[in-house]
Amino acid sequence: MAATTATADTPDTTIVLVGHGMVGQRFLEALADRGVTAWARVVVLCEESRPAYDRVHLTSYFSEGASPEELSMVEDGFMERHGIELHVGDPAVAVDRDSRTVTARSGLTVRYDTLVLATGSYPFVPPVPGKDAAGCFVYRTIDDLLAIEAYAQGVTSGAVVGGGLLGLEAAGALKGLGLDTHVVEFAPRLMPVQVDEGGGEALRSRVEGLGVSVHTGVGTQRVTVGEGGRVAGMELSDGSELPVGMVVFSAGVRPRDDLARACGLPVGERGGIVVDAQCRTPADPAVFAIGECALAADGRVYGLVAPGNEMAETAAKSIAGDAGSFTGADLSTKLKLLGVDVASFGDAHGATAGCLDVRYSDARSGIYRKLVVAADGTLLGGVLVGDVESYGVLRPLTGSVPPVAPEHLVLPAGAGAPVALGPAALPDEAVICSCNNVTKGTIRAAVTDHSCGNVPEVKKCTKAGTNCGSCLKVLGQLVDAELEASGVEVDKGLCPHFAQTRAELYEIVLALRISSYRELLDGHGREGARGGEGCETCKPAVASILASLAPTVGASVHVLEGEQAALQDTNDHFLANMQKNGSYSIVPRIPGGEITPEKLIVIGEVARDFGLYTKITGGQRIDLFGARVEQLPLIWARLVDAGFESGHAYGKALRTVKSCVGQTWCRYGVQDSVRMAIDLELRYRGLRSPHKLKSAVSGCARECAEAQSKDFGVIATASGWNLYVGGNGGATPRHADLLAQDLSDAELVRLVDRFLMFYIRTADRLERTSVWLERIPGGLDHVRDVVVHDSLGICDELEALMAAHVAGYRDEWADTINDPERLSRFVSFVNAPDTPDPTVRFVPERGQIKPEPVLLSLTETVTA
Amino acid sequence: MTATTDLTSPLLAAASCGTVELHTSQGWFAVCPADALQPGRGVAALLPDGRQAALFRDRAGRIYAIGNVDPFTGAAVLSHGLLGAADDRPYVASPLLKQRFDLADGRCLDDDGVAVASYPVRVS
Ligand code: SRM
Ligand SMILES: Cc1cc2nc3c(=O)[nH]c(=O)nc-3n(C[C@H](O)[C@H](O)[C@H](O)COP(=O)(O)OP(=O)(O)OC[C@H]3O[C@@H](n4cnc5c(N)ncnc54)[C@H](O)[C@@H]3O)c2cc1C
Ligand code: SF4
Ligand code: FES
Chain A
1 MAATTATADT PDTTIVLVGH GMVGQRFLEA LADRGVTAWA RVVVLCEESR PAYDRVHLTS
61 YFSEGASPEE LSMVEDGFME RHGIELHVGD PAVAVDRDSR TVTARSGLTV RYDTLVLATG
121 SYPFVPPVPG KDAAGCFVYR TIDDLLAIEA YAQGVTSGAV VGGGLLGLEA AGALKGLGLD
181 THVVEFAPRL MPVQVDEGGG EALRSRVEGL GVSVHTGVGT QRVTVGEGGR VAGMELSDGS
241 ELPVGMVVFS AGVRPRDDLA RACGLPVGER GGIVVDAQCR TPADPAVFAI GECALAADGR
301 VYGLVAPGNE MAETAAKSIA GDAGSFTGAD LSTKLKLLGV DVASFGDAHG ATAGCLDVRY
361 SDARSGIYRK LVVAADGTLL GGVLVGDVES YGVLRPLTGS VPPVAPEHLV LPAGAGAPVA
421 LGPAALPDEA VICSCNNVTK GTIRAAVTDH SCGNVPEVKK CTKAGTNCGS CLKVLGQLVD
481 AELEASGVEV DKGLCPHFAQ TRAELYEIVL ALRISSYREL LDGHGREGAR GGEGCETCKP
541 AVASILASLA PTVGASVHVL EGEQAALQDT NDHFLANMQK NGSYSIVPRI PGGEITPEKL
601 IVIGEVARDF GLYTKITGGQ RIDLFGARVE QLPLIWARLV DAGFESGHAY GKALRTVKSC
661 VGQTWCRYGV QDSVRMAIDL ELRYRGLRSP HKLKSAVSGC ARECAEAQSK DFGVIATASG
721 WNLYVGGNGG ATPRHADLLA QDLSDAELVR LVDRFLMFYI RTADRLERTS VWLERIPGGL
781 DHVRDVVVHD SLGICDELEA LMAAHVAGYR DEWADTINDP ERLSRFVSFV NAPDTPDPTV
841 RFVPERGQIK PEPVLLSLTE TVTA
Chain B
1 MTATTDLTSP LLAAASCGTV ELHTSQGWFA VCPADALQPG RGVAALLPDG RQAALFRDRA
61 GRIYAIGNVD PFTGAAVLSH GLLGAADDRP YVASPLLKQR FDLADGRCLD DDGVAVASYP
121 VRVS
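The listed protein sequences derive, respectively, from chains A and B. Reminder that position 273 of the first sequence reads as 273 in my numbering, one-by-one numbering, no gaps. Reminder that position 69 of the second sequence reads as 69 in my numbering, one-by-one numbering, no gaps.
Since the hints were derived computationally from the structure, they do not count as laboratory data. Some hints could be false.
30 Å max Cα-Cα, derived DSSO-like pairs, lysine-lysine [to be verified]:
1) Lys580(A) to Lys599(A)
2) Lys580(A) to Lys615(A)
3) Lys131(A) to Lys98(B)
4) Lys492(A) to Lys317(A)
5) Lys98(B) to Lys463(A)
6) Lys492(A) to Lys463(A)
7) Lys692(A) to Lys98(B)
8) Lys615(A) to Lys98(B)
9) Lys98(B) to Lys850(A)
10) Lys473(A) to Lys492(A)
11) Lys615(A) to Lys492(A)
12) Lys460(A) to Lys492(A)
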């Protein structure tokens, strides 16, 4: 192949890459890895206004707030380091194969020895009338996203044409923008290519459960255009109309082979640049085509990253003079669409002659699993919807006979025989990361031969897990297993002082009735940590365990009693939340958000008398800001006197149980949601837990209290209450899962008791119920088995623990203002108890106060 | 109580009675009774020059004093932080952004360029 004698400054071989997408960038990396960039000049023509980025995670721009920069796939300094000339925003417009030149839009003409086309695809827009109206979009590039986002500001609803993988992604994006979202799919089910009928049903019930309207078996007739040429609605083939303000077309993609066509290279009947197993065009050995624009040697055009990456490697190998070939790839996918997990792999539709399938389907919870097996038991493929826990292990097992019977593999955890099918069951050849074609053997070697000591190092070394991320879980398990096998201890301990996890410490405290941190540290801490100070991680964690179990293990129920006071986080220590200037905030409990005018007046008077900034919180109560430490007891004396108690805004504890106004006033309400919210808030107040706990009760399915975003949420039904668990707001919102339906008051309380105590017992430190539910083996099904069906036989104990908590509850602030010893710490200065901290200062804003911006007080800072 | 005056070390093994004193450029300054300090926690003291010190007692009973102002936020809050130990050296973690400061010399363990003042202490 190329001359290897050329020097770096005057390379006599030029490689031109057209298209800098995901596959193009992988190709450049493969060239660099093989040292080709050291002897060849590499020129890249990139059409888009930014270098290669992660198209697969495009939607995370909406759902996770990723910025365009974070999506970049090009490591800083990569081009400079390898001397690659990148021309951004300058697409190739013509190729002259006789003179071997490529011309770009800017007029730049480059002579090539090797030309690599990686131009990807373009979204197919069906030729329906109105498709070019303002408000019609496609979903492929960052610029598309930005345009969609800008347009969505002015509309309230949108439709996605196409219910395949990308269509659902686009629907997720519209939903994320707060639009009323419709999906229109011509086929009778969603994701027709990946999942079968049963899977489509489960997917549909999940997607509709998220509030997206699904229309299957209908086509798009026309886009109706209104004022100013803007989209006004959409007409469907069944005559119905959707009053939407924007339309996103996601009806499939077509290879971008125009450049190749124009220079006489053969393309397939349905498009795609024809290439051989080396990814070279048979018509011209100087030209390669890779990624979505290529029609591979097996006669297929691949629309996924993994095969594209393989093609990139193959072409780079050929150019470097090494052997390599691409003859086809696996079409497995695992996705989280709109928060619904979907996976399909291998022969998902059971197309192999003589194959059998094994299915499990639970329409109520939207779970569907199907495995396709050959007569001899070989696993051929499968479809998983709703719960794809086992995908990471099943996909690599495809093509072999699994060590466990297939029926056990589709059953939910806990039902039938226990299945312990971990990554250990996989052979070394099993491909763990299909995006990057990395086998279990390669990952093991990264740990043993290249001494990678953790997942990030293994990712860097093997590239495994760097694309779609669906293999990360199994990757983590494998790396841990390998480290353990090579004698490295994988430390799952809480901190440098305890080798146990939080859940293990909970069990020790409970079993041995330990009532002090010192006792726990000295008896059960790590060897060198016993007798020592501990740290800011384990102290509050143990303090929380002791508080949760206080009545049962005989610890003081007051968090500021004796040794416990020293363990608390700063906020718990002062029973208030520290603000940025060192002042504190005060949040009295307002159960269910219900408050009398008299109490409102007291809050107003206290705020006025102490000059506090006052704000309604997002939790249906009132926060008073700007108190100095010595003012806290004085303020609380007034509040306690008026019947208020601590709202535990400072603790990892129950925060609020929000309510809607419910049946009493609302024309739709079917139960008294306010009363239930108050009952629940009073029952669980003061309960310390691994992380904060939030709840809400709605009076009907309209859900005005947003109960499905809470750790435990309750929604009224005509005959009782539905209980949802594991919801979360915050940065990674999660809709709660339905745990049980139509409960009576007593049944509801009993289930919540059990659920909370089971969570407190088994969760990690600072793990919200949402994360816990996703992490624990068996997930929701397991939790349901434990707390509803008492599969572990611990429900009596869980209820007894909660009963002890409820009986032992006392208001922390009332106890504190009556205890001179505890009060003594509420001073700014130990040597000047009457002097307020002069650094806590405020300035006026909008009729209230705000912290005076503090300047770095350099006089007290020594530069080391 | 016996008064050990060791100006090279800011810390001193202390008993639970007596008065804690802290050394500034103006000499020794009495702050509080030793039993006002709870193991594992701190208190703030106002110094004659208007500065603030944060005093702590560790589990072994040793007393330390460093500047009270958190250099990362400018707020006078270090005395409200939690104590921990790294390599057997005690530190306080700022309650605001959690940077740790060595109690013996005031160095920030999470940012080499930063330190707060440290003061010699004795109990008399
Ligand atoms: C005061 C308040 C904002 C407001 O003015 O409305 C607030 C203020 C804080 N929130 Fe919040 N959150 C407040 C309602 C919420 C809500 C809405 C709700 O509760 O319905 C949420 C989303 C719901 C949820 O938690 O799932 C919320 C999600 C968060 C999160 C993200 C939690 C997560 O799991 O992702 C944090 C960070 C954390 O806890 O780690 C946070 C942390 C904080 C902290 C503690 C940040 C900090 O460390 O300083 C703020 C301190 C409050 C203080 O000093 O008093 N806050 N925060 C609200 C107090 C509600 C109350 O009455 O108790
Ligand atoms: C929203 C979304 C989600 C997806 N999710 C997944 C997933 O979960 N898993 C998966 O495997 N795949 C997924 N895909 C598909 C995946 O992104 C593509 O398979 C992959 O990007 C293909 O890479 P490529 O380099 O061949 O094409 P592209 O990434 O499209 O790159 C081609 C580039 O070439 C440029 N170009 C075209 N013509 C010219 C020219 N004449 N001159 C210069 N430049 C030119 C284009 O502008 C483009 O930047 C998803 C795609 C989208 C849009
Ligand atoms: S959730 Fe139902 S009962 Fe409650 S306020 Fe909304 S509509 Fe009324
Ligand atoms: S399987 Fe996609 S990153 Fe590993």
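Okay, the hints, checked on the actual structure:
In summary, the hint linking Lys580(A) to Lys599(A) is supported, as the alpha carbons are separated by about 28 Å, within the 30 Å threshold. Distance check on the hinted pair: Lys580(A) and Lys615(A) sit about 16 Å apart at the alpha-carbon level, within 30 Å; holds. Between Lys131(A) and Lys98(B) the CA atoms are separated by roughly 55 Å; this puts the pair beyond 30 Å, and the hint is violated. Our distance criterion of 30 Å between C-alpha atoms is broken by Lys492(A) and Lys317(A), whose separation comes to about 41 Å.
Proposed proximity of Lys98(B) and Lys463(A) is contradicted: the alpha carbons are some 34 Å apart, above 30 Å. Between Lys492(A) and Lys463(A) the alpha-carbon distance is near 25 Å, which keeps this suggested pair within the 30 Å criterion. Of the pairs offered as hints, the one joining Lys692(A) and Lys98(B) holds, with about 19 Å between alpha carbons and a cut-off of 30 Å not exceeded. Distance check on the hinted pair: Lys615(A) and Lys98(B) sit about 26 Å apart at the alpha-carbon level, within 30 Å; holds.
Distance check on the hinted pair: Lys98(B) and Lys850(A) sit about 23 Å apart at the alpha-carbon level, within 30 Å; holds. A distance of roughly 16 Å separates the Cα atoms of Lys473(A) and Lys492(A); the hinted pair therefore holds under the 30 Å criterion. Among the hinted pairs, Lys615(A) with Lys492(A) is inconsistent with the structure: their alpha-carbon atoms are about 41 Å apart, more than 30 Å. At roughly 22 Å between alpha-carbon atoms, Lys460(A) and Lys492(A) fall within 30 Å of each other, so this suggested pair holds.
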